[in-house]
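Protein chains: 2
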Amino acid sequence: MCGAETTNHSTESNGFGGNLSLIDLDPGNPTVFEPYWRRMGDKCRVVIPGCELMSYKAATKPGKVCWFLLPELEDAIVRLHRLVGNAVVDDRYIVVGTGSTQLYQAALYALSNPASLKPINVVSAAPYYSCYPEETDYLCSRLYKWAGDANEYNANKSGPFIEVVNSPNNPNGSLRESVVKDCGQGKLIHDLAYYWPQFMPINRPADHDLMYFTFSKCTGHAGSRIGWALVKDREVAIKMTKYIELNSIGVSKDSQFRTAKIMELLCNEHKEFGLNSSNNFFEYGNRLMAQRWESLREAIGSSDLFSVPSFERQYCFFLGRPTKPYPAFAWLKCNEETEDCGSLLRRYNILGRNGKRFGADAKYLRISMLSSDDVFEDFLDRLNAIRLFEE
Amino acid sequence: MCGAETTNHSTESNGFGGNLSLIDLDPGNPTVFEPYWRRMGDKCRVVIPGCELMSYKAATKPGKVCWFLLPELEDAIVRLHRLVGNAVVDDRYIVVGTGSTQLYQAALYALSNPASLKPINVVSAAPYYSCYPEETDYLCSRLYKWAGDANEYNANKSGPFIEVVNSPNNPNGSLRESVVKDCGQGKLIHDLAYYWPQFMPINRPADHDLMYFTFSKCTGHAGSRIGWALVKDREVAIKMTKYIELNSIGVSKDSQFRTAKIMELLCNEHKEFGLNSSNNFFEYGNRLMAQRWESLREAIGSSDLFSVPSFERQYCFFLGRPTKPYPAFAWLKCNEETEDCGSLLRRYNILGRNGKRFGADAKYLRISMLSSDDVFEDFLDRLNAIRLFEE
Numbered sequence: 001m002c003g004a005e006t007t008n009h010s011t012e013s014n015g016f017g018g019n020l021s022l023i024d025l026d027p028g029n030p031t032v033f034e035p036y037w038r039r040m041g042d043k044c045r046v047v048i049p050g051c052e053l054m055s056y057k058a059a060t061k062p063g064k065v066c067w068f069l070l071p072e073l074e075d076a077i078v079r080l081h082r083l084v085g086n087a088v089v090d091d092r093y094i095v096v097g098t099g100s101t102q103l104y105q106a107a108l109y110a111l112s113n114p115a116s117l118k119p120i121n122v123v124s125a126a127p128y129y130s131c132y133p134e135e136t137d138y139l140c141s142r143l144y145k146w147a148g149d150a151n152e153y154n155a156n157k158s159g160p161f162i163e164v165v166n167s168p169n170n171p172n173g174s175l176r177e178s179v180v181k182d183c184g185q186g187k188l189i190h191d192l193a194y195y196w197p198q199f200m201p202i203n204r205p206a207d208h209d210l211m212y213f214t215f216s217k218c219t220g221h222a223g224s225r226i227g228w229a230l231v232k233d234r235e236v237a238i239k240m241t242k243y244i245e246l247n248s249i250g251v252s253k254d255s256q257f258r259t260a261k262i263m264e265l266l267c268n269e270h271k272e273f274g275l276n277s278s279n280n281f282f283e284y285g286n287r288l289m290a291q292r293w294e295s296l297r298e299a300i301g302s303s304d305l306f307s308v309p310s311f312e313r314q315y316c317f318f319l320g321r322p323t324k325p326y327p328a329f330a331w332l333k334c335n336e337e338t339e340d341c342g343s344l345l346r347r348y349n350i351l352g353r354n355g356k357r358f359g360a361d362a363k364y365l366r367i368s369m370l371s372s373d374d375v376f377e378d379f380l381d382r383l384n385a386i387r388l389f390e391e
Numbered sequence: 001m002c003g004a005e006t007t008n009h010s011t012e013s014n015g016f017g018g019n020l021s022l023i024d025l026d027p028g029n030p031t032v033f034e035p036y037w038r039r040m041g042d043k044c045r046v047v048i049p050g051c052e053l054m055s056y057k058a059a060t061k062p063g064k065v066c067w068f069l070l071p072e073l074e075d076a077i078v079r080l081h082r083l084v085g086n087a088v089v090d091d092r093y094i095v096v097g098t099g100s101t102q103l104y105q106a107a108l109y110a111l112s113n114p115a116s117l118k119p120i121n122v123v124s125a126a127p128y129y130s131c132y133p134e135e136t137d138y139l140c141s142r143l144y145k146w147a148g149d150a151n152e153y154n155a156n157k158s159g160p161f162i163e164v165v166n167s168p169n170n171p172n173g174s175l176r177e178s179v180v181k182d183c184g185q186g187k188l189i190h191d192l193a194y195y196w197p198q199f200m201p202i203n204r205p206a207d208h209d210l211m212y213f214t215f216s217k218c219t220g221h222a223g224s225r226i227g228w229a230l231v232k233d234r235e236v237a238i239k240m241t242k243y244i245e246l247n248s249i250g251v252s253k254d255s256q257f258r259t260a261k262i263m264e265l266l267c268n269e270h271k272e273f274g275l276n277s278s279n280n281f282f283e284y285g286n287r288l289m290a291q292r293w294e295s296l297r298e299a300i301g302s303s304d305l306f307s308v309p310s311f312e313r314q315y316c317f318f319l320g321r322p323t324k325p326y327p328a329f330a331w332l333k334c335n336e337e338t339e340d341c342g343s344l345l346r347r348y349n350i351l352g353r354n355g356k357r358f359g360a361d362a363k364y365l366r367i368s369m370l371s372s373d374d375v376f377e378d379f380l381d382r383l384n385a386i387r388l389f390e391e
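So the sequence lines, in the order shown, correspond to chains A and B. Positions 1 to 391 (the UniProt record's numbering) are the ones given, in order, by the first sequence. Positions 1 to 391 (the UniProt record's numbering) are the ones given, in order, by the second sequence.
It cannot be assumed that every hint is accurate.
A few chain A residues that face chain B, going by a derived Cβ cut-off under 8 Å, partial list only [to be verified]:
no.	residue
1	W37
2	R38
3	C44
Hints listed in this document are in silico derivations from the structure and should not be mistaken for laboratory results. We put the beta carbon where it would ideally sit given N, CA and C, even for glycine.
Okay, chain A solo, but in the shape it has when bound:
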């Protein structure tokens, strides 16, 4: 996968004796936030009676198109975005999905045209999220096909396209806009999974035609598989809903219910205690990510073995103070002499995801910054040791 697949590598020769435990920083499993939810205890548990949430349908309000979206989740999504200020929710249709992964595919279905003779080209600027190519092509659809790096796409030559804009970008944390020229023929999908105050200063509410978020990265509840799209055009929202109907007859009501409860808790805590409470999730998350990035930069140090991107401090309207981006992944680059950053780290039994999978170069390796505390500490220790050994 795609955030979670299992990997199996044996330790190669590394000069440390070869008995290093595996540090798997390939998937983006957001276990970093678990201690926060443990601390919140009973406040964030949900109770579901056996006779509830049994129907395929939800009691949707008039005018809504997503017939399986629980109204309490819809309300919670709207309230959370208004609180955080990261997305325009007025005059938008909300479509819930089994994670943003299902919504990405629903969007491709909705934006393509079955009457077209050729599949529409799907592009994203490299380095792009490593799962887009496979998620686009695994069913060999005649509706759409992966067409690679958006930076190299020529719409005049190759025709209609869908561009996926992932901002802040996975893997490298950059803020992004569409890059393909001749947007008359192009349709845009905005994947905003990481546009939350723990990862990125919120400097404006995103206001795109089709944008989606995921609970996995918002609060760390990846196991619930809940994502939601905010869609301007009614017909596009209807087609996305149709996709999810055909693909899985809706989305787990149990997870929708739990997501709504947890979002409501975030909003209630914020309303009651503001930013200055240690219970404010986003404030807590931002400080935690800041610490991790500081420790990582320290571990890399003045070494010329590795580098990671630099980011400018910006004012965050939600936190009410300037903050730097603290991306969920470190886009680690090794120095000129090293061809393959992944091979170097694998010798020390550290796994990341090879830059090639993102349409980039093996000099890059994506490293998850969202592991549990002990795994992250082990990673830093080993990075220090590598530096001493290799330099």
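Given chain A's structure and the hints, the job is docking chain B onto it.
Using the frame of chain A, we list chain B on its own:
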């Protein structure tokens, strides 16, 4: 949909004054069992702490292939099938899906061959489940395509195929086996959604290469979107798991957890109180469905307006007594003079699903037997009134 879509029809002229409320028996939403779960109260509620079930992954046991299947759900599935005796679970891989709908598509993906020049043909004997054609074709995959009624499929002429065997069959309740000759080229999917003691005498444990079930029809918890496949071949199970990984990075852990709890409750109640307790879900469900079918046959009566299929009594090894099939749907047929059963009932503001959608004839209409008590009572009353009026 596919079990749940909303429909909008106005009342046509019907001789009753035209002010009849809508009775929607088109979808198969299993609200019939809600009162049982209400009665079970605290016994069947689940509590999920905010810090639990956060990971993409599950702590799967060694040798398992479905990396997102909760071990407690796997154990509960095995225990329930052993108790009911409706499926062989030994030496099978279990793959969990977002309802059986996702598993159907995972099976098509797993049984098709990307290297093949032509899509593999997918067939099912008419009348077939109305959603198979659209679920097969909506993405215009080059891997597989819908090829219609299995009774009319000539494998020698048209080549490799996948046959979906839905038994007991939706819409007509018949027990089924594969019908296409020349099975050397064919692959089989067994959709056993309704093979539970409330609907069908359990006369043997199903023992097929690839079979799937769904929580929706097992207990009525359609909103949880949980299905599971029992798969003999490891490589097929791996490919199905891969499909679900690419399609939605796994399946809601919240719903898996709740499903496991409710299945465990069914087994525990059975172990403690046996069949003679009114708390035995399957015994309760079987008697409820028997009553509904008896009332329906009474309402149709000696009329020659409508008929429904007849079923033979058979010994059910789970219930330990002979019982008839009581299908989840009535496959209503109107008499020779009426061309369109749906139009006739729509004049009285009753909705069913037209036989044409099942590859059959408009003389047939599928009527859900799983509605809530009050809707079902209204339906019977109106059926009686139609008989008086039309005859």
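Which numbered conditions among the earlier hints are violated in the structure presented, ordered from lowest to highest?
No numbers; nothing is violated.
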